[in-house]
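*Asks:* These are the residues of each chain, in order.
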Amino acid sequence: MKFLKSLIIASLFGLSAVAANAATLDDVKTKGFIQCGSNPGLTGFGVPDDQGNWTGFDVDFCRAIAAAVFGDATKVKFSPLNAKERFTALQSGAIDVLSRNSTWTMSRDTTLGLTFAAVTYYDGQGFMVPNKLNVKSAKELNGASVCVQTGTTTELNLADYFKANKMEYKVVAFEKNEEVLKAYQEGRCDVYSTDQSGLYAEVLKFTNPGDHMVLPEIISKEPLGPVVRQGDAQWFNIVKWVHGAMLNAEELGVTSKNVDEMKASTNPEIQRLLSVKVKNPDGTDADNDFGKGLGLGPDWAYNIVKMVGNYGEVFDKNLAQLKIARGKNALWSQGGLQYAAPIR
Amino acid sequence: MTQQSDDQRNSSAPVRGGVDLLYSPKLRGIVSQLIVLLLLAGGIYWIVTNTQANLVKLNQNFGFDFLNKASGFDLSTSLIQYSSDSTFSRALLAGFYNTALVSILGIIFATIIGFIVGVMRLSKNLVVSSAATIYIEIIRNIPLLLQIFIWYALVLKPLPGTKQAINFFDTVFISNRGIIAPHVIFGEGSWISVTLLISALIGTWVFRRWSRKRQEATGQILPAWWISIPIIIAAPILGLLIAGWPLIWDYPVLSGFNFKGGVTLVPEFIALFLALVIYTATFIAEIVRSGIIAVSHGQSEASHALGLDNGKTLRLVVIPQAMRIIIPPLTSQYLNLTKNSSLAVAVGYPDLMYTAGTVNNQSGKAIEVYSIALVVYLTTSLVTSLLMNWFNARVKLVER
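Heads up: the sequence lines are chains R and D, in that order.
Taking this note's numbering, the leading residue of the first sequence gets 1, the next gets one more, and so forth.
Taking this note's numbering, the leading residue of the second sequence gets 1, the next gets one more, and so forth.
Check the hints yourself; a few may be wrong.
As the list claims (entries may be wrong) - Here are some of the chain R residues that sit facing chain D, going by a computed Cβ distance under 10 Å:
{"hint": "1", "residue": "R86"}
{"hint": "2", "residue": "S107"}
{"hint": "3", "residue": "T111"}
{"hint": "4", "residue": "N142"}
{"hint": "5", "residue": "D160"}
{"hint": "6", "residue": "F162"}
{"hint": "7", "residue": "V171"}
{"hint": "8", "residue": "L181"}
{"hint": "9", "residue": "G187"}
{"hint": "10", "residue": "D190"}
{"hint": "11", "residue": "E217"}
{"hint": "12", "residue": "K323"}
{"hint": "13", "residue": "I324"}
{"hint": "14", "residue": "P342"}
{"hint": "15", "residue": "I343"}
What the hints assert, rightly or not - List time: in silico DSSO-like cross-link candidates among lysine-lysine, alpha-carbon distance up to 30 Å:
{"hint": "16", "chain 1": "R", "residue 1": "K323", "chain 2": "R", "residue 2": "K221"}
{"hint": "17", "chain 1": "R", "residue 1": "K182", "chain 2": "D", "residue 2": "K260"}
{"hint": "18", "chain 1": "R", "residue 1": "K139", "chain 2": "D", "residue 2": "K163"}
{"hint": "19", "chain 1": "D", "residue 1": "K260", "chain 2": "R", "residue 2": "K132"}
{"hint": "20", "chain 1": "D", "residue 1": "K157", "chain 2": "R", "residue 2": "K182"}
{"hint": "21", "chain 1": "R", "residue 1": "K277", "chain 2": "R", "residue 2": "K77"}
{"hint": "22", "chain 1": "R", "residue 1": "K136", "chain 2": "D", "residue 2": "K157"}
{"hint": "23", "chain 1": "R", "residue 1": "K77", "chain 2": "R", "residue 2": "K139"}
{"hint": "24", "chain 1": "R", "residue 1": "K166", "chain 2": "D", "residue 2": "K260"}
{"hint": "25", "chain 1": "R", "residue 1": "K163", "chain 2": "D", "residue 2": "K260"}
{"hint": "26", "chain 1": "D", "residue 1": "K260", "chain 2": "R", "residue 2": "K139"}
{"hint": "27", "chain 1": "D", "residue 1": "K57", "chain 2": "R", "residue 2": "K29"}
{"hint": "28", "chain 1": "R", "residue 1": "K176", "chain 2": "D", "residue 2": "K260"}
{"hint": "29", "chain 1": "R", "residue 1": "K136", "chain 2": "D", "residue 2": "K69"}
{"hint": "30", "chain 1": "R", "residue 1": "K306", "chain 2": "R", "residue 2": "K75"}
{"hint": "31", "chain 1": "D", "residue 1": "K157", "chain 2": "R", "residue 2": "K205"}
{"hint": "32", "chain 1": "R", "residue 1": "K166", "chain 2": "D", "residue 2": "K312"}
{"hint": "33", "chain 1": "R", "residue 1": "K75", "chain 2": "D", "residue 2": "K69"}
{"hint": "34", "chain 1": "D", "residue 1": "K57", "chain 2": "R", "residue 2": "K240"}
{"hint": "35", "chain 1": "R", "residue 1": "K132", "chain 2": "D", "residue 2": "K157"}
{"hint": "36", "chain 1": "D", "residue 1": "K157", "chain 2": "R", "residue 2": "K221"}
{"hint": "37", "chain 1": "R", "residue 1": "K84", "chain 2": "D", "residue 2": "K163"}
{"hint": "38", "chain 1": "R", "residue 1": "K84", "chain 2": "R", "residue 2": "K328"}
{"hint": "39", "chain 1": "R", "residue 1": "K77", "chain 2": "D", "residue 2": "K57"}
{"hint": "40", "chain 1": "R", "residue 1": "K139", "chain 2": "D", "residue 2": "K157"}
The hints are simulated quantities; they were obtained by calculation from the structure and are not laboratory data.
Here a beta-carbon is modelled for each residue, glycine too, at the ideal position from N, C-alpha and C.
Same shape as in the complex, but just chain R:
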């Protein structure tokens, strides 16, 4: 009996692994919701409140996908994942998309069987120290103990940075972010290092945020974005173009508040974004439906903007509390790096 039971369990696991590789869009539609891998608790990016309602920049991106696919931004379930679990969860099919401030690197893109669909947030790694340490620059950190999370690019950049600057350091690495923060606050290490957005987010949780400072150095490029499995071009396109639609909407001034009025706009770019049918001179309708190419309905982008907002709205809503400037994440037209291909 025991053997039979374990065989059944094994076959269920096997089957789910097979199913994971079918077209993700069909899977998601059958399930009726999107399973989104999120951060277990990073203020501004993905954090549940005491009722289990998730808020954050990364979380809203998953809601935007749900809005595009179902026309309902609530049809999404979140799986909180720590750094170590996240890629395995996506590989095994436990989640449909990973939107959890993950850095796009070449090895992750080429050896994990995964693909980064877009860069939703340009970040860089920084250091935080207690004020009482009297350190003004990362170059003064020779010999310091540094707390980081394992399985991140942070721990790799850290080794590179200290090696490049011919400095010594001791790493103290934990699997969970809370453990890293606790160790830093208890003085187990002198420095806490993660992406700069993370530093600004985490310092808010401290009892005395004023006692800590972020050092000026940014030691790495951290392009963060959503990840999907390789080999499913349709799903990859959907995730990529959800980001594209949010950026185009901001660029065109389409917001969640004015999107209905914008449907009447005569600007052809807005008409294409919102799939507004245009009358030909001979009286027939000209199709402006770009959702079809994604396997979605014509209202895909309208729903994203209406239900979640454009890129700038989502950014301000979630990240203003961290007092992070748009910086590199401003639109290209405003001196930033956020640039999406046109919808046409």
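Got chain R; can you put chain D on it based on the hints?
*Replies:* Frame of chain R, contents of chain D only:
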């Protein structure tokens, strides 16, 4: 068909072969075992091919080539030379050594404490026995993971920073970075000391054999331990004196943020070690107690009647018999301790499981990395088991 006719003959059934065949226990046994075997083989085949197929679909190839790549990450503590330039395989090796360190030290100390507490619990002194009972009942009923967290907080919280480190004569420093002690480097001529130590060990072993023979022949008892232990201690010291004391001490010195030089026991190790020892010792104490109780009271009475005192009765009569009962469950506790050491992940002590997790994450080779970890843990456990079985075979009752 030959199978059937064989079976007919063996079951010595008369003419009605068909029906009897159905009830033949031998045939039924063979058939049911064959079915189970086929299902098992099919199941394994299916799991393997399914995994392979899925890996191909995920554009991932199975292989161990990644082990030679530079790991890129550092470890907080390692017994071997290791840096971010080392390979993934070396990271796993460093992790294995850390597991071995905490397991071996843990087993030694848990055994010592377990034996003491086990005997204490049998003491006639009420204070002693109830102290042991309270310790056992509290500790073994609290989950180990929780205890590791508690010890980590207890180790880390009250300790000062490096600049206010508790200082023992400028040699040993205790701070929230761990215990930092001087590191000994054996200089030239140390081989004399090692040679003398080895010869002392061999010499005392021969001496103890001789003294036992002498006791069997004449009944006179020599204090063999009191003679051999000083010799074993004195021999290497003598060797060092001959060589002109070639020891170089590397003292820890506070420079900047941290101590430089010396050896460091990180707080993560200390917390894990304390938790494992104190938790496992309770189980060992109970095993020891049950082993001693199981030796019939008549044995100690007989021993007393022969004029042996309490200590000798315990050492020569009760414990040797109790060991036969103690060793098999003790083996399981040793295996438990080794496997429980993988909870190190919780406090960030870089043991095998921790490094396997990091290597998996940085290389993306989950199946390969975890199968290595699996094989290593399995081998370690089997070797422990083998050693303990050998020891058990030595002490068990030889029946003639």
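*Asks:* Now tell me if each hint is right for this structure.
*Replies:* Hint by hint, here is what the structure shows:
1. Taking 10 Å as the C-beta contact cut-off toward chain D, the hint placing R:R86 at the interface holds, the least distance being around 9 Å.
2. Because the beta carbon of R:S107 sits about 8 Å from the nearest beta carbon in chain D, less than 10 Å, this interface hint is met.
3. About 5 Å separates the beta-carbon of R:T111 from the nearest beta-carbon of chain D, less than 10 Å, and the hint is met.
4. A hinted interface residue such as R:N142 counts as satisfied when its beta carbon comes closer than 10 Å to some beta carbon of chain D; here the least separation is about 6 Å, so the hint holds.
5. With a cut of 10 Å, the hint placing R:D160 at the interface with chain D holds, because the nearest CB-to-CB distance is about 8 Å.
6. Interface restraint check for R:F162: the shortest CB-CB distance to chain D comes to about 9 Å, inside 10 Å, so the restraint holds.
7. A least Cβ separation of about 4 Å between R:V171 and chain D falls short of the 10 Å threshold, and the interface hint therefore holds.
8. Checking R:L181 against chain D: minimum C-beta separation of about 13 Å lies over 10 Å; hint violated.
9. Because the smallest distance between the Cβ of R:G187 and any Cβ of chain D comes to about 5 Å, under 10 Å, the interface hint for this residue holds.
10. Taken as an interface hint, R:D190 checks out: its beta carbon lies about 5 Å from the nearest beta carbon of chain D, inside 10 Å.
11. The criterion of a C-beta within 10 Å of any C-beta in chain D is not met by R:E217, whose closest approach is roughly 17 Å, and the hint is violated.
12. Taken as an interface hint, R:K323 does not check out: its beta carbon lies about 29 Å from the nearest beta carbon of chain D, beyond 10 Å.
13. About 27 Å separates the beta-carbon of R:I324 from the nearest beta-carbon of chain D, more than 10 Å, and the hint is not met.
14. Taken as an interface hint, R:P342 does not check out: its beta carbon lies about 30 Å from the nearest beta carbon of chain D, beyond 10 Å.
15. Restraint check, R:I343 versus chain D: the minimum CB separation of about 29 Å is more than 10 Å; hint violated.
16. Of the pairs offered as hints, the one joining R:K323 and R:K221 holds, with about 20 Å between alpha carbons and a cut-off of 30 Å not exceeded.
17. At most 30 Å may separate the alpha-carbon atoms for a hinted pair to count; R:K182 and D:K260 meet this at roughly 25 Å.
18. Annotation: proposed proximity of R:K139 to D:K163 holds, straight-line Cα distance about 20 Å (limit 30 Å).
19. Restraint check for D:K260 and R:K132: the C-alpha separation of about 22 Å stays at or below 30 Å, so the hint holds.
20. Of the supplied pair hints, the one linking D:K157 and R:K182 holds, its CA atoms being roughly 11 Å apart against a limit of 30 Å.
21. Distance check on the hinted pair: R:K277 and R:K77 sit about 33 Å apart at the alpha-carbon level, beyond 30 Å; violated.
22. A hinted pair counts as satisfied when its Cα atoms are at most 30 Å apart, and R:K136 with D:K157 qualifies at roughly 27 Å.
23. For the suggested pair R:K77 and R:K139, the alpha carbons sit about 43 Å apart, so the restraint of at most 30 Å is broken.
24. For a cut-off of 30 Å, the pair hint linking R:K166 to D:K260 stands: about 16 Å separates their Cα positions.
25. Restraint check: the Cα-Cα separation between R:K163 and D:K260 comes to about 18 Å, which is no more than 30 Å; the hinted pair holds.
26. With a CA separation close to 19 Å, the supplied pair D:K260 and R:K139 stays within the 30 Å bound.
27. Straight-line distance between C-alpha atoms of D:K57 and R:K29 comes to about 22 Å, which keeps the hinted pair within the 30 Å bound.
28. As the CA atoms of R:K176 and D:K260 are separated by approximately 29 Å, the hinted pair is consistent with the 30 Å bound.
29. Taking the CA atoms of R:K136 and D:K69, the gap is about 35 Å. The hint is violated against a cut of 30 Å.
30. A threshold of 30 Å between alpha carbons decides the hint, and for R:K306 with R:K75 the separation of about 15 Å falls inside it, so the pair holds.
31. Only pairs whose Cα atoms come within 30 Å are accepted, and D:K157 paired with R:K205 is accepted, the gap being roughly 19 Å.
32. Simply put, R:K166 and D:K312 have alpha-carbon atoms about 63 Å apart, too far for the 30 Å limit, and the pair is violated.
33. A C-alpha spacing of about 42 Å is found between R:K75 and D:K69, which places the hinted pair above 30 Å, so the restraint is violated.
34. A distance of roughly 21 Å separates the Cα atoms of D:K57 and R:K240; the hinted pair therefore holds under the 30 Å criterion.
35. Our distance criterion of 30 Å between C-alpha atoms is met by R:K132 and D:K157, whose separation comes to about 18 Å.
36. Between the alpha carbons of D:K157 and R:K221 the distance comes to roughly 35 Å, so the proposed pair goes past 30 Å and is violated.
37. A hinted pair counts as satisfied when its Cα atoms are at most 30 Å apart, and R:K84 with D:K163 does not qualify at roughly 34 Å.
38. Taken as a hint, the R:K84 and R:K328 pair is honoured in the structure, with Cα atoms around 28 Å apart against an allowance of 30 Å.
39. Between R:K77 and D:K57 the CA atoms are separated by roughly 25 Å; this keeps the pair inside 30 Å, and the hint holds.
40. For the given pair, R:K139 sits about 29 Å from D:K157 by alpha-carbon distance, which is consistent with the 30 Å threshold.
Comparing the model with each numbered hint stated earlier shows that hints 8, 11, 12, 13, 14, 15, 21, 23, 29, 32, 33, 36 and 37 do not hold.
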